[in-house]
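*Asks:* As you go down the protein sequences, you meet chains A and B in turn. Sequential numbering of the first sequence, starting at 1, is according to our numbering. Sequential numbering of the second sequence, starting at 1, is according to our numbering.
By construction, these hints were calculated from the structure, which means they are not laboratory data. Note that CB positions come from ideal geometry on N, CA and C, so glycine has one too. Hints should not be assumed to be uniformly reliable.
Claimed, not checked - Straight-line Cα separation of at most 30 Å, DSS-like style, residue types lysine-lysine; simulated pairs:
no. : chain 1 : residue 1 : chain 2 : residue 2
1   : A       : LYS115    : A       : LYS79
2   : B       : LYS204    : A       : LYS244
3   : A       : LYS115    : A       : LYS215
4   : A       : LYS79     : A       : LYS101
5   : B       : LYS204    : B       : LYS253
6   : B       : LYS135    : B       : LYS204
7   : A       : LYS101    : B       : LYS253
8   : B       : LYS146    : B       : LYS135
9   : B       : LYS146    : A       : LYS244
Unchecked claim - Here chain A is said to cover these stretches of chain B; the calculated rule only asks that three of the stretch's residues, wherever they fall, bring their Cβ under 8 Å from a Cβ of chain A:
no. : stretch
10  : 178–190
11  : 250–257
12  : 263–273
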Amino acid sequence: MGSTVATGRVAGKVAFITGAARGQGRSHAVKLASEGADIIALDICEDLPFAHSPHATWADMEETVRLVEAAGGRIVARKADVRSREQIDAVLAEGLEAFGKIDVVIANAAAIAYKNVLDITVEEFEATLDVNLHGVFNTVQTPVRHMIERNEGGSIILISSGVAYRATPSPDYSAAKTALITFARALANELGPNRIRVNTIEPGYVLTPALDNDKYGERTAELLGREPFASREEHRAAMWDQFKPRNMLPVGWVEPEAISNAVLWLASDESRYVTAEELKVDAGFADKSA
Amino acid sequence: MGRVEGKVAFITGAARGQGRSHAVRLAEEGASIIAVDICHDVDLIAMPLATREDLEETVREVEAIGGRIVAREADVRDSAQLEAALADGIAAFGPPDIVVTSAGVVPFVPFPTMSEATWRTTIDVNLTGVYRTVKAALPSMVEAGKGGSIVFISSGIVFRGGGLVVDYASSKAGVVGLMRSLALELGPHGIRVNTIFPTNVLTKMLDNEVFGAVVSNAVNEGRPFESREQRVEAMRGMLAARNMIPLGWIEPKDISEGVLFLASDEARYITSESLRIDLGFGGK
Ligand SMILES: NC(=O)c1ccc[n+]([C@@H]2O[C@H](COP(=O)([O-])OP(=O)(O)OC[C@H]3O[C@@H](n4cnc5c(N)ncnc54)[C@H](O)[C@@H]3O)[C@@H](O)[C@H]2O)c1
Ligand SMILES: NC(=O)c1ccc[n+]([C@@H]2O[C@H](COP(=O)([O-])OP(=O)(O)OC[C@H]3O[C@@H](n4cnc5c(N)ncnc54)[C@H](O)[C@@H]3O)[C@@H](O)[C@H]2O)c1
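Assemble the whole structure, with the sequences as input and the hints as a guide.
*Replies:* Have a look at this one:
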């Protein structure tokens with residue numbers, strides 16, 4: 001790629017994305033890069049003992065880097081844990097060194113224990129909040145200070161979930177994801193005068209490694225009261241049939257790119273007056289009578 | 001390649017204001033436009049509505065950017081008029097993929113003196129008018145079997161109390177119920193139904209003497225303003241305080257960007273969504 005002037009719907013912007021090694025985070029990185037943005041990416045690239053499913057690996061992050069560069073973007077990608085302000089700030093310092101500013105923040109990293117309210121321990125409950133709520137606070141505070149100082153506004157996007165609107169058997173995850181909505185509203189109100197917009201996206205079901213893995217397959221079989229799935233394909237087909245009746249549109253899940261389209265719109269100046277908004281990308285999941 | 005290339009958009013209230021802006025923006029991104037507007041005033045609505053010249057200006061602006069448009073006078077209170085206008089549009093471009101309901105009125109009357117006739121007029125245009133618009137467009141959309149995107153224009157007032165708008169707020173909230181149930185019913189056809197909630201937009205709906213009197217009562221002790229400039233400045237101060245981003249209003253094009261996003265395939269999995277484009281008004 002030559003050093004031509006970037007074009008696209010977010011040309012010249014710099015976006016900071018957490019949980020960017022795979023799944024939706026990777027998709028956001030590639031989409032924003034293809035529309036002209038530079039990317040600062042981090043991911044823990046390591047499993048967490050309390051978390052139900054395996055997390056991304058460094059090889060996953062290398063693939064994100066490859067795809068962003070193939071889309072014509074520049075990227076600073078590092079291994080870091082959103083529970084650590086120190087680690088986040090170190091990545092941001094490198095990102096600022098490379099690109100000079102931060103216009104967009106996408107708090108996407110998340111972990112989940114997948115346990116019922118009677119089984120989950122308070123330690124596990126706290127561990128989920130640590131990543132999904134405190135981790136988001138950690139992710140946004142330093143960039144917000146930078147944005148206020150720079151005085152050119154900004155767009156902060158928190159990835160919440162459709163579980164904020166409908167019951168699911170994951171009390172830890174539901175509590176953290178719902179808290180993001182009121183957190184965003186408070187933040188939007190405080191930062192409005194600085195033209196910093198704060199919005200949440202509530203995805204419905206998205207087929208990413210968070211669902212598409214063997215451990216989640218075991219959990220699905222358990223919840224459905226049936227014997228283990230013979231293959232990943234069988235698990236996927238069962239999930240599609242399980243989720244589809246919960247959506248208004250006749251699909252079981254949406255692709256990561258569908259979420260990225262919403263991220264792109266909120267990141268771009270097309271939505272310059274949109275703040276404190278809850279944007280559902282969910283095939284009608286939240287509003288459907290169960 | 002535009003973001004709604006080859007699609008057909010049916011837009012009500014398209015002679016001026018936000019509706020005109022949607023027509024131009026969607027045309028810019030490759031859609032053909034079927035535009036309708038009443039183009040005359042309505043009994044019991046004190047503020048002037050659009051004119052025939054306004055609708056002609058929309059046609060001119062769409063064509064100036066190379067777009068295609070069929071524009072007709074039609075009242076959303078009259079199904080036959082809507083169907084006739086659509087028939088002309090469908091003959092030219094084929095069935096609509098996109099429907100945008102922007103036609104609306106607001107009488108700004110205090111509740112104690114509001115007549116039932118005024119209440120009925122507002123509901124008839126803003127709520128039943130939306131029902132009629134969808135009713136008129138739907139058969140051809142379902143028959144075409146290509147899915148579609150319906151975008152209602154409600155109002156941020158649904159989330160917060162406002163003065164002199166009991167009829168208007170009720171009509172705009174009704175649209176939300178209509179959206180959810182319709183989204184559920186039309187989901188199997190791949191037809192998505194979403195609603196946008198604008199904060200204030202400085203169109204003729206606010207930039208007129210009827211709303212000017214409301215502002216004057218609120219912030220100028222009922223004394224008339226000496227000029228339009230003075231009126232607009234008073235309006236700005238009064239309205240900015242209600243928004244998280246402290247501006248008085250946004251531009252029609254900000255709503256058009258939301259319409260474009262929801263109308264495009266980028267939003268192919270978004271349905272029953274309440275999209276606020278409102279400077280944070282609804283959450284403040
Ligand atoms: N997949 C769905 O159905 C679904 C539905 C609604 C919301 N979401 C949300 O979407 C977002 C993206 O999830 P996904 O579906 O792409 O799943 P994913 O598991 O593929 O992605 C999450 C990423 O976060 C990383 N991560 C976990 N803990 C971290 C930490 N402490 N520090 C840094 N990185 C960490 C993981 O390594 C992983 O790469 C999450 O916030 C999730 O809660 C997902
Ligand atoms: N301007 C604002 O501050 C604001 C705020 C929130 C919501 N809205 C909504 O946005 C939409 C567009 O309003 P606008 O700001 O462009 O105002 P506007 O008055 O410029 O546009 C409304 C259009 O609807 C047309 N119309 C009225 N009654 C009609 C009927 N019976 N049949 C067909 N057409 C009819 C009018 O002639 C006019 O062209 C409206 O639904 C309005 O309620 C406006």
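*Asks:* Look at each hint and say if it fits the structure.
*Replies:* Consistency of the hints with the structure:
About 27 Å separates the Cα atoms of LYS115/A and LYS79/A, which keeps this hinted pair within 30 Å; it holds. This hinted pair does not check out: LYS204/B and LYS244/A have alpha carbons roughly 45 Å apart, beyond 30 Å. Between LYS115/A and LYS215/A the alpha-carbon distance is near 13 Å, which keeps this suggested pair within the 30 Å criterion. The suggested pairing of LYS79/A with LYS101/A holds, with an alpha-carbon distance near 20 Å, which does not exceed 30 Å.
For the hint pairing LYS204/B with LYS253/B, the CA-to-CA distance comes to about 15 Å; that is within 30 Å, so the pair holds. Simply put, LYS135/B and LYS204/B have alpha-carbon atoms about 28 Å apart, close enough for the 30 Å limit, and the pair holds. Taking the CA atoms of LYS101/A and LYS253/B, the gap is about 28 Å. The hint holds against a cut of 30 Å. Of the supplied pair hints, the one linking LYS146/B and LYS135/B holds, its CA atoms being roughly 17 Å apart against a limit of 30 Å.
With a CA separation close to 20 Å, the supplied pair LYS146/B and LYS244/A stays within the 30 Å bound. Check result for the stretch 178–190 of chain B against chain A: holds, 6 residues qualifying (beta carbon to beta carbon below 8 Å, three or more required). Given a C-beta distance limit of less than 8 Å, the hint that chain A covers the stretch 250–257 of chain B holds, as 3 residues qualify and 3 suffice. Coverage of the stretch 263–273 of chain B by chain A holds in this model, with 8 residues showing a Cβ closer than 8 Å to a Cβ of that chain against a need of three.
When each numbered hint is compared with the structure, a violation occurs for hint 2 only.
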